[in-house]
Amino acid sequence: MVLKTSFEALPVEIQTEILSRLPLKCLMVFCVSKKWSPLIRTKAFRQLYLSRSIQRPRVMFMVRRLKFNLTVGDVLFHSVSQEEESLLSSGDQQDMCISPEPGYDEISPPVRGLICLREKTKVVIYNPGTGKFLTSLPEIQACKEKAITVFFGYDEVTNVFKVLAFDKSQGAKIHQILTVRSGTQSWRRIICEHDHSPVTEGLCKEGVLYYGALSNTDKSLVMSFNLRSEVFTVIELPEGVDTRMETLMNFNGKIALVKESPCNGTVQLMVRDEISGEWDMNWIVISDWKQTVEDMMFYFKGTIGNQRLVFALDAAYKGSLFVLYYDRATRDVTKFEIEGVVGDQFHSVRTFLDHIDSPLLL
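Counting from 1 along the sequence shown, just add 33 to a position and that's the residue number in our numbering.
The set of hints was computed from the structure by calculation and includes no laboratory data. Please note that a few of the clues may not be correct.
As the list claims (entries may be wrong) - SDA-like mimics (lysine to any residue), calculated; alpha carbons at most 20 Å apart, straight line:
| no. | residue 1 | residue 2 |
| --- | --- | --- |
| 1 | Lys238 | Val343 |
| 2 | Lys206 | Asn249 |
| 3 | Lys351 | Glu370 |
| 4 | Lys238 | Ser262 |
| 5 | Lys68 | Glu50 |
| 6 | Lys68 | Pro56 |
| 7 | Lys67 | Ser84 |
| 8 | Lys179 | Asp138 |
| 9 | Lys155 | Ser219 |
| 10 | Lys155 | Arg222 |
| 11 | Lys165 | Met129 |
| 12 | Lys368 | Ile317 |
Based on the sequences and whatever the hints tell you, model everything.
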């Protein structure tokens, strides 16, 4: 005889375990229930869910869908499983759209499942997995809206998100920092002794923000900002490097710079040794590149694990979206089509690795 046990009759520990393994969209269904919402919104459950999400990272595509008159349509956030290659072209996909109104001047790379959006002096935090916004943040204190640049980061030790804002109209030394938390918040002014202007997107790694910059003498450098101590540090670069032509990325857990141009079968990048502080030049030659990519233009996006390199398009190709994996151990090049993302219109695409589903802002 088989006894049927309802979910409600299970012990809370088992309920929590089951809920923590659900895809984010399924979890959202439970969250609207008065019965399950209190459990899902607890700090302990969120930490458990995040710990599980980190173990199943995703590739996320941010697709700006342009209309036929070339005006910007909506923005689609679409993610697929990253580690299981068989799932790249399967139904294990999630998507969420945001309206083009208001028009966002900046959309940050995802950090621990969340994204920072800036519209003029207003900053909002967005969860692309749930479609929910945090809109109660104070506005940046700035004179000229077009002179603003923002970076978004997370510090694991203090468990806080922060937004770093640069206002070029106020000079190259005075910046603003906002700690994202519930309750009353305000921007704080901080001073950087090193005159510089950001020229690349930010990269958040282990509680530190990195970004390419130019000094007041137009010298290229990489800046780091410790999110806990709120201290800026200059990272020198070899002569001849122009950060305006480079992309900052995480390469096998290390900070790296790679040319912002389509790959031609050879990846040339500078990788920083965190112990010595030196930059090492690396060349990775990929066999059978031309036969695999045909006439598509793939850009290097980073690494998965220690052996696989990931390449992606910056625009839809003939109405389709593709991603390419290169395994350095086997030297295999595999191209995947991501289904159900784009249509006949022109689309610009940004690709992010190691995205995780976050239960925040449910």
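Against the structure, the hints:
For the suggested pair Lys238 and Val343, the alpha carbons sit about 19 Å apart, so the restraint of at most 20 Å is met. A threshold of 20 Å between alpha carbons decides the hint, and for Lys206 with Asn249 the separation of about 11 Å falls inside it, so the pair holds. Annotation: proposed proximity of Lys351 to Glu370 holds, straight-line Cα distance about 12 Å (limit 20 Å). Among the hinted pairs, Lys238 with Ser262 is consistent with the structure: their alpha-carbon atoms are about 15 Å apart, no more than 20 Å.
Straight-line distance between C-alpha atoms of Lys68 and Glu50 comes to about 16 Å, which keeps the hinted pair within the 20 Å bound. The straight-line distance between the Cα atoms of Lys68 and Pro56 is roughly 19 Å, inside the 20 Å bound, and the hint therefore holds. Between Lys67 and Ser84 the CA atoms are separated by roughly 25 Å; this puts the pair beyond 20 Å, and the hint is violated. Simply put, Lys179 and Asp138 have alpha-carbon atoms about 9 Å apart, close enough for the 20 Å limit, and the pair holds.
Note on Lys155 and Ser219: the hinted pairing holds, with a Cα-Cα distance of about 13 Å set against a maximum of 20 Å. Between the alpha carbons of Lys155 and Arg222 the distance comes to roughly 17 Å, so the proposed pair stays at or under 20 Å and holds. As the CA atoms of Lys165 and Met129 are separated by approximately 10 Å, the hinted pair is consistent with the 20 Å bound. In summary, the hint linking Lys368 to Ile317 is supported, as the alpha carbons are separated by about 18 Å, within the 20 Å threshold.
Hint compliance for this structure: hint 7 alone is broken.
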